[in-house]
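These protein sequence lines are chains X and B, in that order.
At position 7 of the first sequence the residue is numbered 7 (my numbering), and the sequence of numbers has no breaks.
At position 87 of the second sequence the residue is numbered 87 (my numbering), and the sequence of numbers has no breaks.
To be clear, the hints were calculated from the coordinates, so they are not data collected in a lab.
Mixed in with the good hints there might be a few duds.
[To be verified] Simulated pairs of lysine-lysine, BS3-like, Cα-Cα distance not exceeding 30 Å: (1) B:Lys11 with X:Lys38; (2) X:Lys38 with X:Lys16; (3) X:Lys3 with B:Lys57; (4) B:Lys57 with X:Lys38; (5) X:Lys3 with X:Lys38; (6) B:Lys57 with B:Lys11; (7) X:Lys113 with X:Lys38; (8) X:Lys113 with X:Lys16; (9) X:Lys70 with X:Lys3.
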Amino acid sequence: AQKVTQAQTEISVVEKEDVTLDCVYETRDTTYYLFWYKQPPSGELVFLIRRNSFDEQNEISGRYSWNFQKSTSSFNFTITASQVVDSAVYFCALSPVNGNKLVFGAGTILRVKS
Amino acid sequence: GAGVSQSPSNKVTEKGKDVELRCDPISGHTALYWYRQSLGQGLEFLIYFQGNSAPDKSGLPSDRFSAERTGGSVSTLTIQRTQQEDSAVYLCASSLARVSYGYTFGSGTRLTVV
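Please construct the entire structure, taking both the sequences and the accompanying hints into account.
What follows is the structure, encoded as structure tokens:
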């Protein structure tokens with residue numbers, strides 16, 4: 001069975017602070033994909049990143065960076081210099097390579113205060 | 001279209017009535033998924049379509065739930081004899097192929113059963 005755990009239910013930070021959202025997953029598959037999605041107050045889920053299990057390179061996109069560590073089954077997401085517009089619910093998700101569905105974590109609510 | 005379109009955006013219905021939720025995926029996307037997001041329950045997979053067939057219906061919570069897809073495009077999720085526990089946001093997503101490509105979500109239909 002696959003499982004994604006986002007232990008942080010809610011995080012509050014002040015603008016310009018860095019924040020890391022944790023994601024730990026469980027799977028018996030040797031190859032799989034990991035994802036992060038953002039859900040702003042408007043409700044629509046916005047795709048942020050997809051990572052292959054065989055590619056452990058960290059990735060940076062602007063203020064966003066992702067740290068994938070297969071040894072600890074973690075795929076953490078860091079926002080540098082957070083902004084109020086980053087306030088949203090962030091979901092981590094997992095899928096087998098040949099799978100037909102994503103298994104989501106419970107989500108982390110991020111509140112960035114000005 | 002440019003994105004995944006869902007209608008209605010909000011639906012209030014009386015307990016025991018049937019409801020139909022519609023999803024119009026991105027043109028050319030062969031894969032279509034329905035998810036349910038309940039308060040405190042996270043994102044729950046319901047059903048997956050590849051073209052017009054539904055190879056994975058494992059997430060449908062009861063036989064009151066059904067879905068169809070016609071012409072490899074529009075999908076309708078039907079809930080018969082609605083119950084209060086059916087209240088949730090129903091999200092539709094589409095993808096070029098399988099979920100491993102990452103998929104695009106619609107804004108959802110918020111269903112309230114009173």
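Quick rundown of the hints versus the structure:
no., hint, verdict
1, B:Lys11 with X:Lys38, "holds, 24 Å"
2, X:Lys38 with X:Lys16, "holds, 19 Å"
3, X:Lys3 with B:Lys57, "holds, 19 Å"
4, B:Lys57 with X:Lys38, "holds, 26 Å"
5, X:Lys3 with X:Lys38, "holds, 19 Å"
6, B:Lys57 with B:Lys11, "holds, 24 Å"
7, X:Lys113 with X:Lys38, "holds, 18 Å"
8, X:Lys113 with X:Lys16, "holds, 9 Å"
9, X:Lys70 with X:Lys3, "holds, 15 Å"
Of the numbered hints listed earlier, not one is contradicted by the structure.
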